[in-house]
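**Q** Listed below are the residues making up each chain.
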Amino acid sequence: MEKKAKQLRIALRNCGVIDPQKIEEYIANDGYNALVKCLTEYSPRDVIEQIKKSGLRGRGGGGFPTGLKWEITANSKSDEKYVVCNADEGDPGAFMDRSVLEGDPHSVIEAMAIAGYAIGASNGLVYIRAEYPLAIERLKIAIEQARAYGFLGKNILGSGFNFDITLRYGAGAFVCGEETALIHSMEGLRGEPTFKPPFPSVSGYKGKPTNVNNVETFANIPVIINKGAEWYASIGTERSKGTKVFALAGKINNVGLIEVPMGITLREVIFEIGGGIKGGKKFKAVQTGGPSGGCLTEKHLDTPIEYDTLIEAGSMMGSGGMIVMDEDDCMVSVAKFYLDFTVEESCGKCSPCRIGNKRLYEMLDKITKGEGTKEDLELLRNLSTVIKDTSLCGLGQTSPNPVLSTMDNFYEEYLEHVTEHKCRAGQCKSMVHYFINPDNCVGCTACARNCPVNAIKGERKQIHEINQDICIKCGACLEKCKFNAVFVK
Amino acid sequence: MEQIKIKIDGKEVAVDKGLTILEAAKKANINIPTLCYMKLDDFNIENKPGGCRICVVDVKGRKNLAPACATECGDGMEVQTSNVRVLNARKTVMELILSDHPFDCLVCAKNGKCDLQKMAQDLGIREIHYKGEQSIYRKDTSPSIIRDVDKCIMCRRCETMCNTVQTVGALSAVNRGFMAVVAPAFEQDLVKSTCTYCGQCVAVCPTGALTEVDDTNKVIRALANPEKVVVVQTAPAVRAALGEEFGLEPGTLVTGKLVAALRRLGFNYVFDTDFAADLTIMEEGSELLDRLTRYLGGDKSVRLPILTSCCPAWVNFFEEYYPDLLDVPSTAKSPQQMFGAIAKSYLAQKLNIDREKMVVVSIMPCLAKKYECQRDEFKVNGNPDVDYAISTRELAALIKQANINFTELPDEEFDLPLGESTGAGVIFGTTGGVIEAACRTAYELHTGKKLDKIDFTQLRGLENLRIAEVDFNGLTLKIGIAHGLGNARKLLDQVRDGSIQLHAIEVMACPGGCIGGGGQPYHHGNIEIIQKRAKAIYQEDVNKPIRKSHENPAIIELYEKFLGKPLSEKSHHLLHTHYFSKENEIIINEE
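Going line by line, the protein sequences match chains F and Z. The C-terminal position of the first sequence is numbered 1415 in our numbering, with every residue numbered one higher than the one before it. The C-terminal position of the second sequence is numbered 1112 in our numbering, with every residue numbered one higher than the one before it.
Chain F on its own, in the form it takes in the complex (with noise of 0.2 Å):
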């Protein structure tokens, strides 16, 4: 039960709840309520004090003030300005968007809507990754029943406000979340972010004023509208209001999606909602916001999650993706795999970004390997430094988190691997090696016969012997082992 009184849903508020292809559901739920009620009620600078009261902030990482972004490009002059919805989901086991938009697709079809009012666009895009079939085809099933009820179109609610939204699919490319790429890419350009200034809300999409929010950003608008932008504010702390999604993944007893007020912190969300680490493991870290994001540790678990207080512990908020770590994690390969992920995924516009990346993560191959030195975690960090002073845009400028968190948090491990060729969570294949205890082997012969590359040497209840030279650390041995015998050192 203290479960759920420690989340709070608003983003999610509908998920789970409405059945997302029947419009009537929404409105039943309070649904384009909002909508009327800016139409009706409110001039476009009222919906912009709102939100702006109401201290709401990117939910798509950044944290930069929503109802500043919409007064920036309301107050740039056009004959034509667009609203973005930016539904490019990529880090790695993270799915709040995803959710809001298969579950609550009309949240952010009435958001886009009072935001087009706001800032004077009649054009809305959602930029949606291909890879999201259910979520494009509810969308589209809302996107029509929202016409057909006159939410979209021309005179919405004879108003005189025209708005309609049409749907751009992006090749699930990371980088396409940074909104001058993604804007490139909707206009059917290479999939790359250019410097800013100037930015999307003086000259984006088409060059017009353009607003991109992310798909969590809107779904919190219909709600502060109709609740009141002094609730909003009320739930939270000083400097980070609402509530945030997370995904929950990892070594954690419960996974998925949670919504808790922003100001709870890591270990409220960890050992309280998530339940703890799975199978009584010590905690190790958490990485949050995803591949740019850090690794925080026991010390920061009182730390409330703010977008301020992150950064400082050296880590993000992130589009809200949350990984937990257990003892058996390795540091070093756990900045590994996020290199992995943005050497993949940067788009080699810039050369510290499209080398130096690269770089890091052979770097750090290369100490996962046992290969590693001294100066190279010296290296290492410089390079990590440089990265993120010299690239262009977000990712590169946040790739190198991981590994700069994880050496300030776990430098000791950094140099096992370097000065001793160990690897204390026995990841590092390289650097382990599988033993039998003389003591505790009963020659049962398990292990010799599940050693699918016959290094294990025994007769029938005799002592077995590991051959080093021909073992190859699957592991199999020690999986098999009902005594206890097999170590790793």
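Everything labelled a hint here was simulated from the structure, so no lab data went into it. Wrong hints could be hidden among the right ones.
[Unchecked claim] Pairwise CB distance ranges, derived in the manner of DEER restraints:
#, chain 1, residue 1, chain 2, residue 2, range
1, F, 1074, Z, 582, 22 to 28 Å
2, F, 1114, Z, 877, 51 to 57 Å
3, F, 1159, Z, 524, 38 to 44 Å
4, Z, 583, F, 1415, 48 to 54 Å
5, Z, 706, F, 1415, 50 to 56 Å
6, F, 1074, Z, 581, 52 to 58 Å
7, F, 1201, Z, 625, 55 to 61 Å
8, Z, 552, F, 1415, 53 to 59 Å
9, Z, 582, F, 1066, 43 to 49 Å
10, F, 1201, Z, 582, 42 to 48 Å
11, Z, 583, F, 1363, 54 to 60 Å
12, Z, 1103, F, 1060, 42 to 48 Å
[Unchecked claim] Simulated pairs of lysine-lysine, BS3-like, Cα-Cα distance not exceeding 27 Å:
#, chain 1, residue 1, chain 2, residue 2
13, Z, 652, F, 1295
14, F, 1415, F, 1207
15, Z, 1011, F, 1134
16, F, 1122, F, 1134
17, F, 1122, Z, 569
18, Z, 660, Z, 1103
19, Z, 526, Z, 584
20, Z, 560, F, 1134
21, Z, 538, F, 1122
22, F, 1408, F, 1204
23, Z, 528, F, 1122
24, Z, 631, Z, 1053
25, F, 1066, F, 948
26, F, 1132, Z, 569
27, F, 1122, Z, 548
28, Z, 584, F, 978
29, F, 1003, Z, 547
30, F, 1134, Z, 631
31, F, 1292, F, 1408
32, F, 1122, Z, 560
33, F, 1292, Z, 612
34, Z, 652, F, 1355
35, Z, 652, F, 1300
36, Z, 612, F, 1122
37, F, 1122, Z, 584
38, Z, 1011, F, 1132
39, Z, 538, F, 1134
40, F, 1300, Z, 612
For glycine and all other residues, C-beta sits at the position ideal for the given N, C-alpha and C.
Chain Z: place on chain F using the hints.
**A** Leaving out everything else, chain Z in the frame of chain F:
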């Protein structure tokens, strides 16, 4: 213009609002190093992807470093261009770039002329701390251009030239991350792309990723063959730029030394493409007059405007993009090909040798000329009219290899008869020159009067697109001039949809005309060099005793003794060509 104040390295500078940190620093005499950035002001060409990150600077109050090329100055901004943080970042980024670059500098075509090499030296790189895998790609050779993209540093200059300036669209970034590289679509070979071989990508490439096909060895072999009579022609733009390769000031005319050097290299006859340019004017000018007269006489089948056809990249461009307008360009061959055709007929006859015994080499500021001379239309029984076309740069390499002290050479004269030329032939080398030369002749032929003033200054200049009027004794000719294929496209689109009425259009594919050609000494982004070459060309024109093509005595003799008259049957056979649609030529590699 609103002025703002900014502090760079402790020095306060007042600059116009809107200037970048890089531009402001320049005003304060601080040279921030740049690699991908390139700006050719007067041509309106700018490459500013903010990609290399070499020009990063430290801006007070900003959390990361800022690219100076792309960051606008703000009032009160404080910038440090060389503190420890900046220097470390700059060197590290440079080391990264070098870590993914082949280390074969000593045998690279760009050795000594490479911007990357220079930058490594300027930044004092002595060791690469970050080593690892290098990105390897397939090498691609076309008739004109070699792509060795292992050496590509993703500066995107070629892409800007190919897409934005030339609107050819043959090159763009493909793949992502570490494997990102500039290539034709689907990583096809250049020959299967829309490439026109204009060579502007080569002209701006900072490394050896894009270079010309080196034909110097073929020339050396021909020169060493006692069985062959080797004839050389040199294009007008070469004499205005070759000196740069030997340390002379840009814009130094080296015509006499060029002739002397070619003779010392062992060419049997040293001729001038200017002669063929005069011949082109006779044919193209007559064609213009013929079309005009018929048009004015009410012949509706005549297509106007007439388009010049001297530029092979331009020919490739309209064959690719304007196959519906193939009857609009002049059918006159380019001067290079007219020269080859006359050399292997008229001259061979004069020397009493078979055309197969003769080797025609041309020295060109151009890479598309390499492709042009290989076209089937310009061969007789498989024997090409022009055997090899080498660039200004390749000629410089030949001269150096032959131990010739170029700057100390005496001035020598071209051989006759194909070395006789006029000022009209010389100005072919710069934008507006062909049409001015044509006007000089067409005016006198049309009106029967002598020109009071030979210079048609309204046709000159370096603006991208110019429309000028020329008075032909009461008949006003409207003339369009474009240099750069993107500008040509703008004109052609208007011709196609009928929104502009012109009598003649001159197009040169390269910015500035042939003086800015893809085979010229590298300008390294300095547009002044191109401007100085243009000046030199007009100077050579003024220096010439004869400045109108139809007054060239060698041309008069050629018509009297061999061709008959312009547009005669023989002229048509030897000096005119036809065009082909390339629209559906794009083929996908089968792999």
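**Q** Now, for every hint given, state plainly whether the structure supports it.
**A** Each hint, compared with the structure:
1. 1074(F) with 582(Z): 22 to 28 Å: 52 Å, violated
2. 1114(F) with 877(Z): 51 to 57 Å: Once the Cβ atoms are compared, 53 Å apart, the range 51 to 57 Å for residue 877(Z) and residue 1114(F) holds.
3. 1159(F) with 524(Z): 38 to 44 Å: Distance hint for residue 1159(F), residue 524(Z) holds at roughly 43 Å.
4. 583(Z) with 1415(F): 48 to 54 Å: 49 Å, holds
5. 706(Z) with 1415(F): 50 to 56 Å: 54 Å, holds
6. 1074(F) with 581(Z): 52 to 58 Å: Between residue 1074(F) and residue 581(Z), where Cβ atoms are some 56 Å apart, the hint holds.
7. 1201(F) with 625(Z): 55 to 61 Å: 59 Å, holds
8. 552(Z) with 1415(F): 53 to 59 Å: Check passed, 58 Å falls within 53 to 59 Å.
9. 582(Z) with 1066(F): 43 to 49 Å: 46 Å Cβ-Cβ, so the 43 to 49 Å window holds.
10. 1201(F) with 582(Z): 42 to 48 Å: 45 Å, holds
11. 583(Z) with 1363(F): 54 to 60 Å: Given a distance of about 59 Å, which is inside 54 to 60 Å, the answer is holds.
12. 1103(Z) with 1060(F): 42 to 48 Å: 46 Å, holds
13. 652(Z) with 1295(F): Holds, at roughly 17 Å.
14. 1415(F) with 1207(F): Holds. Residue 1415(F) to residue 1207(F) sits at ~20 Å (cutoff 27 Å).
15. 1011(Z) with 1134(F): Measuring from Cα to Cα gives roughly 24 Å; hence the hint holds.
16. 1122(F) with 1134(F): Roughly 15 Å separates the two Cα atoms, so the pair holds.
17. 1122(F) with 569(Z): Holds - the C-alpha atoms of residue 569(Z) and residue 1122(F) are around 13 Å apart, at most 27 Å.
18. 660(Z) with 1103(Z): 24 Å, holds
19. 526(Z) with 584(Z): 21 Å, holds
20. 560(Z) with 1134(F): This hinted pair holds, its Cα atoms lying about 26 Å apart.
21. 538(Z) with 1122(F): Since the Cα atoms of residue 538(Z) and residue 1122(F) sit roughly 17 Å apart, the hinted pair holds (cutoff 27 Å).
22. 1408(F) with 1204(F): It holds: about 22 Å lies between the C-alpha atoms, which stays within 27 Å.
23. 528(Z) with 1122(F): Since the Cα atoms of residue 528(Z) and residue 1122(F) sit roughly 22 Å apart, the hinted pair holds (cutoff 27 Å).
24. 631(Z) with 1053(Z): With Cα atoms ~24 Å apart, residue 631(Z) and residue 1053(Z) stay inside 27 Å; holds.
25. 1066(F) with 948(F): 12 Å, holds
26. 1132(F) with 569(Z): 19 Å, holds
27. 1122(F) with 548(Z): The hint holds at about 24 Å.
28. 584(Z) with 978(F): Satisfied, since the Cα-Cα distance of roughly 25 Å is no more than 27 Å.
29. 1003(F) with 547(Z): Measuring from Cα to Cα gives roughly 34 Å; hence the hint is violated.
30. 1134(F) with 631(Z): 42 Å, violated
31. 1292(F) with 1408(F): 34 Å, violated
32. 1122(F) with 560(Z): Between residue 1122(F) and residue 560(Z) the Cα gap is close to 20 Å, so the pair holds against 27 Å.
33. 1292(F) with 612(Z): 23 Å, holds
34. 652(Z) with 1355(F): Holds, at about 24 Å.
35. 652(Z) with 1300(F): The hint holds at about 16 Å.
36. 612(Z) with 1122(F): Holds: residue 612(Z) and residue 1122(F) sit about 24 Å apart, inside 27 Å.
37. 1122(F) with 584(Z): 14 Å, holds
38. 1011(Z) with 1132(F): Within the cut-off at roughly 21 Å; holds.
39. 538(Z) with 1134(F): 23 Å, holds
40. 1300(F) with 612(Z): Given pair residue 1300(F), residue 612(Z) holds - Cα atoms ~21 Å apart, limit 27 Å.
In the structure shown, a violation is registered for the earlier hints numbered 1, 29, 30 and 31, in ascending order.
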